[in-house]
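**Q** Letter by letter, the chains look like this.
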Amino acid sequence: MPTWEEKLADQIDPQLADEISVFETEIQLRKQGKLDEKVFAETRLRRGAYGQRYDNGHRNDGIRTQELKYSTDLTKGPETLWDAPGMQRIKIPFGGLNPNQMDTLADLAEEYADSVLHVTTRQDFQFHFVHIDDTPALMRRLGAVGITTREACGNSIRNVTACPLAGVCRTEVFDVIPYARASAKFMLGHPDAQGFGRKFKIAFSGCEGEACGLVNMHDMGGIAVTRVENGKLKRGFALYVGGGLGAVPHDAKLFDPFLPEEELLPITQAIARVFARLGEKKNRAQARIKFLVAKLKIDEFRRLVLEERKILPHDPRWTSYLANLDRDTEKPLKAPSHLNGHPRPEGFDAWYATNVYRQKQEGYAVATITLPLGDLSSWQMRELAQIARRFSGDNVRTTVEQNMLLRWVSETDLPELYRDLQRIGLNEPGAGTIVDITACPGTDTSKLGISSSRGLAAELSSRLAAKSFTLDESVKNLRIKISGCFNSCGQHHISDLGFYGVSRNIGNRKVPHFQVVLGGQWQNNAGAYGLALISVPSKRIPEVVDRITERYVRERQHAESFQSFIKRIGKRELARMLEDLTQVPSFEADPSFYSDWGDPRVYTIGDMGTGECAGEVISVSQFEMAAAERLVFEGQMSLDEGDYVKADGHAYDAMLQAALSLVKVEFMDVPNEPGTIVNEFRIRFYDTNLLGDRYAGSKFAQYLFRRHDSPPTDHTLDHAHRVVEEAQLFIEAAHAGHDILAERRSKLP
Amino acid sequence: MDLQRIGIKIFADSSAPVPVREFIPIFHSWIQKQAVEEHLLIDVHNYSHIHNGPGILLVAGEGNFSIDMADGQMGLLYYRKTPSAGLVSILKTALQACNLLECEPNLAGRLRFRTDEMLIVANDRLHAPNNVETFEELKPALSAALKLVLPEGKFAMTRSSVNPKDRLAIRVQTGQSENVAALLSRLNPTDARSRIS
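Just so you know, the protein sequences line up as chains A and B, in that order.
If you count the first sequence from 1, position 493 lands on 493 in the working numbering, and the numbers rise without skipping.
Basically the working numbering = 1-based index in the second sequence + 749.
Isolated chain A (complex conformation) (with noise of 0.2 Å):
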């Protein structure tokens, strides 16, 4: 039977087809009991396979919680069994998509998942209900039209957002896009950001006073900025730190007003490094950057890094890029046109209102198509990719209001294209209003879901479909967004009307709620956060936005922004006119208030599980030693197949693995040759007995050197099976080093 990785073998970038034959080796080791739970985990966190509810083998099916039995009792993670559905998230840096992902993406959703594609509030896709073992072929057949889900989870650098309007922005300074890409290409998978106590997000925008990339809730954010110098135009960013949302939203802090472009990726390395060193590893809800840059103020966090950029290294990527600036302009499919005269199709008018931009480049638009709750169909996906061949070409995004973006629409031709996305079922009009809520997954597959998000965005997004051409302007242009909890993945601080799930005890029942949250601010790159207020039965919120919006429009004064009025309205009397909301009947008067939206089960928060948000805190050491247990154990895998080379070869790369994951405990930057590691282990290890004769000692650090010194001329089985055994006791001796290095480390006044 011939497999994705042989028929795709040369269409992949062979680094990435290593790092999947890697993870797939992994998911054997982990399935003979041979890498710990917790260390596989986080290697499939940081390859974008996500736990989901359930998936630790109980579900509340509205009478009683079931023990769900699932065919093995094997785990991927700590209360997560192997078989049970995950999901798999897919990096789409800065969204920038093209037909032929397009169509992949569609294929893998049909063949591996439920074929619903959902884009999420970071530009990315998730599949869900994917099958651990699945997933290397998923990931192989991304890979071959360059997509990669490296790092789309776990405590790593995520995938990179930008403006999706970047590059034909009427407003924007200059084009972000290719920082963004850069700075996307250039920290995945960097050894300075492996080591963070919880996951770090990145957003360029393109101007200041749009929302664009909502730089003030990222943990690391650039706003296109230039100055004159010397007479010439100078690019940069104003750089900023320290922002998230969460459930405690920070607002960002200003590290520097003009950044020059050349200093973006070097700083953006030395944050990470100073991030990873001094981020709290122990407490998760305090390891956000956000958290460090507060307890250190904004001057000291800008010193340690400046100081820590001066000591890099000298990396060429640096600046590569930006010879090449040009090249990453995006190219359009057809001649620019006016729309003037044209006969428009029913319907056509109110889409154009709210889904055409018009660009900065005369004769283009960008048509917004707007996904109900994130998800289209593997279907739609494929017919779309038609219509972007058709319109578009390959100038297409997904937004982090979970919708897409054709580009480069010449606009004459918008009247056909609403006809195409009609056929489909995806011209619905709106994008960017009322009725285009965003909502993170909640209780329909996050294991940390309270209320039913998207439960709720669906009943409030049709009840106010139905009358909204009757909505007064000032209401139509508001936003919804909605988290399933206080997470924030629903990105509820930043809209005029945010809710999140909670729950309360009515008797001896639990009723699901929502938080209401007022005031948040989407334009000015997320310029404010919203108020909480109070909590509202589930199935009262709708009578909150109605009471809310009605009383906006009846006591609006002049042009006042939605912001300016919950502000002059304040929190106590916003308070009293929803108080009888928070009213809930008995179950017997009104049990419907006791499940929630879209669920008939009974509501309870039983089936909440342990996130897997934060990941598991593995230290780069313990990456490199499983890394170093695979490699001697794919040395075994040629021993039993006969092939004493490649035998050979993987236990010594195992040993030389084993050996730098020591020595990064003093040397950071070593380089990653094979002489030089040899080298500073025997100076900093071997020479100094400092592992001592109790451990590690001389006799299995021998092991290396004499494989390094002398490699075999003459490849045999003997040999290849002693090189074999040495390697595993030398990582047997690795581990212990790797002990006492902590053991000291824990006396360190």
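In short, the hints are calculated from the structure, not lab data.
Do not rely on the hints blindly, as some may be mistaken.
[Said to hold, decoys possible] One-sided excerpt, in silico: chain B residues whose CB lies under 7 Å from chain A:
1) P774
2) I791
3) H798
4) P803
5) L806
6) T923
Don't be surprised by glycine CBs; every beta carbon is placed ideally from N, CA and C.
Once you've looked at the hints, dock chain B against the given chain A.
**A** What follows is chain B alone, placed relative to chain A:
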């Protein structure tokens, strides 16, 4: 060809369509009873907001069931995900699910499935690419399985699409529609209904 990932869609009679959201509580009740033999039923998902999409999805460890709306045609679609006893077993599971829905008290007889047409999908582009060769290779096994439920052997098989990007999907047309229970009884003559309860 050892093809494991197969989907079968059995179409609903469209004369009086049942609103798709009515299947949400029904599938939840199936989970409460673990109503489908040899399947671990896990969760229900509402995809009714997707135009011509998977409708309502019932996720199981072994395969997914959905009230599928592709091409605007409602039907029960069963996709096998894990290795099974073969096409007959997959066909049987799909028919059992249809039978269970037809007997569902909350639908009160409003749902009937047609058996004059079925769609069989090879959900595996690697092992079953959409071409004439694969179709010809699969035909004998498909015919053998179908003859168990359609003993007179009067059915025609055609590829529903020749686009190589699509999965191989085979439309089976019989020209006459028997009820689901009758077909199921031929696979399991002693007890057509009790296998899923």
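**Q** Run every hint past the structure and note whether it holds.
**A** Tested hints:
no., hint, verdict
1, P774, "holds, 4 Å"
2, I791, "holds, 6 Å"
3, H798, "holds, 4 Å"
4, P803, "holds, 5 Å"
5, L806, "holds, 6 Å"
6, T923, "violated, 26 Å"
Checked against the numbered hints listed earlier, the structure breaks hint 6 alone; every other hint is satisfied.
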